[in-house]
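In order, the protein sequence lines correspond to chains D and V.
Under our numbering, the first residue of the first sequence is numbered 351, with each subsequent residue one higher.
Under our numbering, the first residue of the second sequence is numbered 9, with each subsequent residue one higher.
Just so you know, these hints were derived from the structure itself, not from any lab.
In this text the structure is predicted, and so the values were computed from the model without any measurement.
Please note that the accuracy of each hint is not assured.
As the list claims (entries may be wrong) - What follows is a list of derived Cβ distance ranges for each label pair:
| id | chain 1 | residue 1 | chain 2 | residue 2 | range |
| --- | --- | --- | --- | --- | --- |
| 1 | D | Glu593 | V | Arg48 | 45 to 51 Å |
| 2 | V | His105 | D | Ala353 | 42 to 48 Å |
| 3 | V | Ile124 | D | Asn360 | 53 to 59 Å |
| 4 | D | Ala438 | V | Trp161 | 25 to 31 Å |
Beta carbons: idealized from backbone N, C-alpha and C, even for Gly.
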Amino acid sequence: MTATLERGLNALREQIDAPVAAFFSSCVSCGICAEACIFYRETHDPKFTPIRKLDLMRRLWRNEYTLFGRLANMVGLGRRITDDDLSAWEELVYDSCTMCGRCTMACPVGNDITMMIRKMREGMSAAGHGPVELIGAAQRHSDGSSPMGDLRKALRARVKHASQETGIDIEFDKQGADYLAIFSAQEIAEFPDVIAAMARIFKKAGVTWTVSEDAYEATNVGVQIGNRDIARLLVGRIVDTAEKLGVKGVISPECGHAYQALRWEGPNLIGRPYTFEVVHIIELLDRLRAQGKLKTTGKDTTRLTFHDPCQINRRGGIDREPRNLLNMVADDFIETDDAGTMNWCCSGGGGVGPNERANAVQSKAFNMKKRQFEKVAPDKIVTMCAFCHHTLEAQLDDNNMDIEVQGLTELMAEYLDDETWERGPER
Amino acid sequence: MNNPYFDLLMWARGPAFNIALFIFVAGIALRVVEIVALGRKRDLAPAKGNPVAQGLKTIFTRSVPRKGLVAYAPITYIGGYIFHMGFFVAFFLFGPHIAFIDGLIGVSWPNLSRVIIESAVALSVLALFALLYARMADPVRRALTTFDDCLVWLLSLLPMVTGYVAVNKLFGDPTLMLALHILSVELLMIAFPFTKLMHAVTFVMARYYNGAIQGRKGAQS
């Protein structure tokens, strides 16, 4: 056995806990998880059955954590996991799973298959397996400040532009601000209007906020590739900066896995609770709405639908908040089938999007969303994750579908009741 | 003249049952300890919802399929419901079974009529064959099928078939058929802790964990 394989198996062993054992003990191989999986449903290839993607992890658990398995192992009947096995499973664990969590919701015995895929990736990654794009992004982010390279200059430029556009001063490293705002690299690179949108909404609501070059990147490729050490390093940068600045909270941006990483995995990665609150931008906007601090005027009259990012709704519990906000500004809001908790993935999450090897299967998977959008025929799709936004735009373009995609924060800012704003939309 | 199968029946009801019961109880205890002993790290992220309440709730709510999924796996869902309900009715609500349990632990409850029990058994057996068909005909289920699945299918079928034959004296010596019925149940008990039959216990844990993990985040489960 090679050293890297042994390291991978050790990392996998560390992931096996009581829930994992309960899940494997409960599986009746009914195959219902396949019916909930976008990759199986759009390809009908049984190899994409979610629970099968965990065969290796199940083998390790049975061999080493059950009496029968240990006895079988002792007499040489336990099948060992090889490096070739891990190579073969890359397609299943990385290329054809966005960790969207639908299988977890469908499993009749309650197995959290998605959580186990996340754990499986820890073993794969430690054994040196994973998409080269994610490995490269992890390296760039660990060594620098973002998976897209050093975006500090770009951030400065975007913030300066937003300040000029809005006439609102956005201060870097402001001690004692209410919130530290962090962004997804996708927002800085592709959707920077969100900065001006936040500036206007927060100014109106009386919320103070700041930005820092030391921790501006919210995405966490460590969580996607399955490497706790990298994930811890990246979360640690945000935690250190937030605590140094003494902010009350950190605003998790419109990014699905960033919210998972910072809000739910982060304290467990660094081994202690934070001294500040983590709030998703849409949670915060809905809170401001409830407090009467976010008021809008006028409505978007286009036919508009909403795409729920899996990590924010299904895996993150933010379901009602975006709808509360949409109902303030949307005149013709229509939900797609399965909207909300059981929404279908955009097809690019969980590291599938950047993974070129997965392009073909991802395109097939997108057909689910395509049909859903065709059915409701929206003029605009609103979402609350920059990577979903990016994926939807790219896939819509590939499918020659002329539908606008917009982030919810930007939409709210468009209709902000703000008499000082001169560049508002025509009403 | 003594029935030649009487000794077999007495052995099945006596020593064999005791052995099976011991393996059943000790095996389940071992498996549960194997699971629980692995532990679970305390979650340090502040909870948004109530993990315990949602975990407990999910134990029950997960019995209802997600909207739309039944249409994609009708045999698995409907066959699964019929089999489980039929098995439960036959096992717990048949008079002689209740009398047996009463003799064992001194607890009894009202029974159902034989017509209902036999209908439940017949439906359960039909459901088992439908589930076997789905397992063989559907590529997803066929690919998931292991020796364990086939063994458990057979072990679930045998008590119902032998019980039906014994009660209705359809063929064979009634004493022999009763002994075979009891032995088939004992095989099921022995296999229980070491096969996927164990899901009948661990599904409670799995559903609880699922609900608690989701509930902590304020997410649905």
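Which hint numbers does the structure go against, in order from smallest to largest? The structure conflicts with hints 1 and 2, although it agrees with all the remaining ones.
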